[in-house]
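Visitor: Residue-level listing of the chains:
Protein chains: 2
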Amino acid sequence: MKFSVTVTLKKDVLDPQGKVVLNTLINMGMNNLKNIRQGKHFEIEVDEKKQSEAEKKIDEMCKKLLVNLIIEDYTITKIS
Amino acid sequence: MKFSVTVTLKKDVLDPQGKVVLNTLINMGMNNLKNIRQGKHFEIEVDEKKQSEAEKKIDEMCKKLLVNLIIEDYTITKIS
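The listed protein sequences derive, respectively, from chains G and W. In the numbering used here, each number is its position in the first sequence, counted from 1, plus 190. In the numbering used here, each number is its position in the second sequence, counted from 1, plus 190.
None of these hints come from the bench; they were simulated from the model. Check before you lean on any hint, since a few could be wrong.
Each pair may be met inside one copy or between any two copies, as identical chains are not told apart.
Stated by the list, open to error - Each computed DSS-like pair below joins lysine-lysine, with the alpha-carbon atoms no more than 30 angstroms apart:
(1) Lys240 with Lys224
(2) Lys239 with Lys192
(3) Lys209 with Lys240
(4) Lys209 with Lys224
(5) Lys201 with Lys268
(6) Lys253 with Lys268
(7) Lys209 with Lys239
(8) Lys253 with Lys200
(9) Lys253 with Lys240
(10) Lys239 with Lys224
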């Protein structure tokens, strides 16, 4: 089973990296741009039969390593 | 309008960062893990009325700055 995990900074946390990308795009002549925030993306493949078990495992990985719960949010989606 | 852009390394490109995450998780005692690949995620907000116009603009941003088309693939999804 394959899952996609998206990790984003919480709404109220400053995102300097996204700001740099935003300013660069504006300097390149892009208009009507309002905001950009950058995050991380993981594609995780696990060898489990049950989806609930697999999701529990992915959630544990997020909490223990992939996500800094103080400043980041995450969403898990099944791909295949 | 808000879009999500996911940038991933192409299937045949080595992903050392994902490999490190994979090995770390295995060392932490996670089993049944098959593979992990890491990518980037952008949330882009544009001030456009038409969805087609907005998507064209986002696509241009990807091609010009956000994505290295030689080694990376990208997908654009409308969030809101």
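Visitor: State for each hint whether it applies.
Guide: Here is how each hint holds up against the structure:
no.: 1; hint: Lys240 with Lys224; result: between (41 angstroms within a copy, 15 angstroms between copies)
no.: 2; hint: Lys239 with Lys192; result: within (11 angstroms within a copy, 35 angstroms between copies)
no.: 3; hint: Lys209 with Lys240; result: between (41 angstroms within a copy, 25 angstroms between copies)
no.: 4; hint: Lys209 with Lys224; result: within (11 angstroms within a copy, 35 angstroms between copies)
no.: 5; hint: Lys201 with Lys268; result: both (24 angstroms within a copy, 19 angstroms between copies)
no.: 6; hint: Lys253 with Lys268; result: both (18 angstroms within a copy, 27 angstroms between copies)
no.: 7; hint: Lys209 with Lys239; result: between (42 angstroms within a copy, 23 angstroms between copies)
no.: 8; hint: Lys253 with Lys200; result: both (15 angstroms within a copy, 27 angstroms between copies)
no.: 9; hint: Lys253 with Lys240; result: within (20 angstroms within a copy, 39 angstroms between copies)
no.: 10; hint: Lys239 with Lys224; result: between (43 angstroms within a copy, 13 angstroms between copies)
Comparing the model with each earlier hint shows no violations; every hint is respected.
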